[in-house]
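Trainee: Each chain is listed here by its residues.
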Amino acid sequence: MAGKLQVSIDHNVCVGNAMCPHLAGKTFALNDDRQGSVIDPDGDTRENVLEAAEACPVSAITVVDAESGEQLFP
Amino acid sequence: MVTAINDDMFSGQAIEDPYGYYGQLRSEDPVHWNEKYKLWVLTRYEDVVWCTRHNELFSSAVFKTDERTPYPEIEESDMGLYDDIRKFFASWFIQHDRPVHMDMRRVLHGYFTPKSMEQWRPMVKSVIKDLLDEADEQGEMDIMRDFATPLPLFVIAQMMGMPYEDRKFIRMLAEKLLFIGRGDIGRMQPLHDGIYELIDYLSPVVEKRIKNPEDDFISVLAEGEKSGIYTREQVVSNAILLLLAGHETTINLICNGSLAFMQHPDQWDLLKNDKGDVVPPLINRATEECLRYDPPVKSIQRIASEDVEMGGKLIRKNDRIRWFITGANRDPEQFEDPDTFDINRWPNAHVGFGSGIHHCLGATLARLEGQEAFKALADRYDTLNLEAREFDYQPSITFRSLKALPVTMAMAAD
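Chains as they are written, first to last, in our numbering: chain A, 1 to 74; chain B, 1 to 414.
A hint or two may mislead.
[Unchecked claim] Think about it this way: if two alpha-carbon atoms lie no more than 20 Å apart in a straight line, the pair counts; the simulated EDC-like pairs of lysine to aspartate or glutamate are:
#, chain 1, residue 1, chain 2, residue 2
1, B, K211, B, E233
2, B, K115, A, D33
3, B, K38, B, E73
4, B, K115, A, D10
Honestly, the hints are just simulated from the structure, not real lab data.
One chain only, chain A, in its complex shape (with noise of 0.2 Å):
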């Protein structure tokens, strides 16, 4: 049951903390800004994606499935 994300992160609140990428490295990465950007939004587990976004100190990052359009986070 493991379908397609929606990931994004509002870059007016990322600090570059970089939770995300520590949690979850194959769906985020720093960028040139040294914000937290999506690279894949199904590069990691459902699970691993999910811990990303709540762990974020800033709450930038908004999970959706692809699929259904359900919000998962926040």
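Starting from the structure of chain A, add chain B where the hints point.
Mentor: Using the frame of chain A, we list chain B on its own:
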């Protein structure tokens, strides 16, 4: 397993050699009940990270919730002072849980993005140059007094929009607030004085920024009052939080990091001979390693929100907890050769800035200042020579803070 370790964390070996002390706890009793001060001491990397990711189980609202008397004990006649102090610290945004924590913290995020911090880099470089030029005229310096302290202090005073000539006054007051992590029985009076002198100093500034916002973080907090998230009292107390957190920690990063380089000449040579051929750059890796090896903040406190079992022990609701970054950052389960200072270490998932939703808001600024400071030292000097054989640390369980770090410098040939 029960350990024979002495529970006095405010003196002796625990202050002089926290890596030995908390390392012994980590291997003998990683979830340790400190009977002397009646609190849990956590030292394992995995446990510390687990706690930070379970903020619903470990409350940050320590000063608000905890009605017990402080540890170590204080004069009974100082309990009235402590009540004021508790109320003050309880209003810091970091002393809140979700959802209020998120609302209060969000007001500040825009100010601390990497892009917005980057604009300070030229100023940081220029302050470093001035400080080291001044030191070179003397041929010697106390890194603590002449370099590590004035740099972050100057930067944070600028960010607050305070006049240059006020910075020594600001530091004098800030030093009184550092009594919070110490054991002196009479610590409440200086702490109380520091708080109220800072409130007196900053209240009129806040008043001005409410009327005429400027480009500083007091104005950002003042916006938070306008949108109803902060009260006036909270604007003032959180300005004091940012002032304090914004420089005390970086002071220790620069001082402890400089000491680590002097004690490891091979790593100093590596940094001096940096060819710029690794990604992320060596100076970034080196700064992370300084944050891991001898971190500015030693421990963080929490209160259990419910009963939690950890490592076969039962932590009960309302129990006091302190987790030690000092223990976690040297955990052999997480780091290879944890007691080796290796500036090439990468990845380096240290918890010097904490982890999870309370991860340091100012981490980007601290990194920027650390990177520029270490780079400038390595570019300018052939060697830094330690002029002290013994190191005296502040008797704090919160900060890893040297009292002085005298050195002489040998200039690099052009």
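Trainee: All hints are to be evaluated individually against the structure, with a verdict given for each.
Mentor: Tested hints:
1. B:K211 with B:E233: 16 Å, holds
2. B:K115 with A:D33: The given pair, whose Cα atoms are some 6 Å apart, holds under the 20 Å limit.
3. B:K38 with B:E73: It holds: about 12 Å lies between the C-alpha atoms, which stays within 20 Å.
4. B:K115 with A:D10: OK: B:K115 and A:D10 at ~14 Å, within 20 Å.
Hint violations for this structure: none, all hints satisfied.
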